[in-house]
Amino acid sequence: MNICEYYGCHLKMSSSDRIKLLIDPGTWNPMDEDMFSVDPIEFNSVIKVLVLKFA
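In our numbering, the protein residues as written are 6 to 60.
Hints were generated in silico from the structure; no laboratory data involved.
Values in this document were obtained by computation on a predicted structure and should not be read as measured data.
Quick reminder that beta carbons are idealized off the backbone N, C-alpha and C, glycines included.
Some hints here could point you the wrong way.
Label-pair restraints from in silico Cβ distances [said to hold, decoys possible]:
1) E10 / E47: 16 to 26 angstroms
2) C9 / P45: 34 to 44 angstroms
3) E38 / M18: 15 to 25 angstroms
4) F41 / K17: 17 to 27 angstroms
5) M18 / F41: 30 to 40 angstroms
6) Y11 / D37: 32 to 42 angstroms
7) Y11 / V43: 37 to 47 angstroms
8) M18 / D44: 19 to 29 angstroms
9) I28 / I8: 16 to 26 angstroms
10) E10 / M36: 28 to 38 angstroms
11) F48 / S20: 17 to 27 angstroms
12) K17 / S42: 15 to 25 angstroms
Throw the hints in and build the complete structure from the sequences for me.
Structure follows, in structure tokens:
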């Protein structure tokens, strides 16, 4: 069940797979499926990490 047999660590699981695992069939009523997250401050951690690393 999403566990690496060799290392014993958990593998990635999508939110829909997690819901299927935790919620009884027929009891989940999704809302706002077309909702998406926004980034009003345009945060980009990759650029900041690279700048700090090579500065």
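Now for the hints, and whether the structure bears them out:
Roughly 41 angstroms separates the CB atoms of E10 and E47, a value that falls outside the hinted 16 to 26 angstroms. Checked against the hint of 34 to 44 angstroms, the C-beta distance between C9 and P45 comes to roughly 38 angstroms, which is consistent with it. Roughly 19 angstroms separates the CB atoms of E38 and M18, a value that falls within the hinted 15 to 25 angstroms. Under the hint 17 to 27 angstroms, the C-beta atoms of F41 and K17, about 20 angstroms apart, fit the expected range.
A beta carbon spacing of about 20 angstroms between M18 and F41 contradicts the range 30 to 40 angstroms that was offered as a hint. Here the CB-CB span from Y11 to D37 is close to 39 angstroms, well matched to the stated 32 to 42 angstroms. Distance hint check for Y11 and V43: the Cβ-Cβ separation is about 39 angstroms, which falls inside the suggested range of 37 to 47 angstroms. Checked against the given bound of 19 to 29 angstroms, the beta carbons of M18 and D44, roughly 24 angstroms apart, stay inside it.
Distance hint check: the CB atoms of I28 and I8 are about 21 angstroms apart, consistent with the given range 16 to 26 angstroms. Checking the proposed 28 to 38 angstroms range against E10 and M36 shows it holds: the Cβ atoms sit about 37 angstroms from each other. In this structure, F48 and S20 meet the distance hint of 17 to 27 angstroms, their C-beta atoms being roughly 21 angstroms apart. In this structure the hint that K17 and S42 lie 15 to 25 angstroms apart at CB holds, the actual value being about 18 angstroms.
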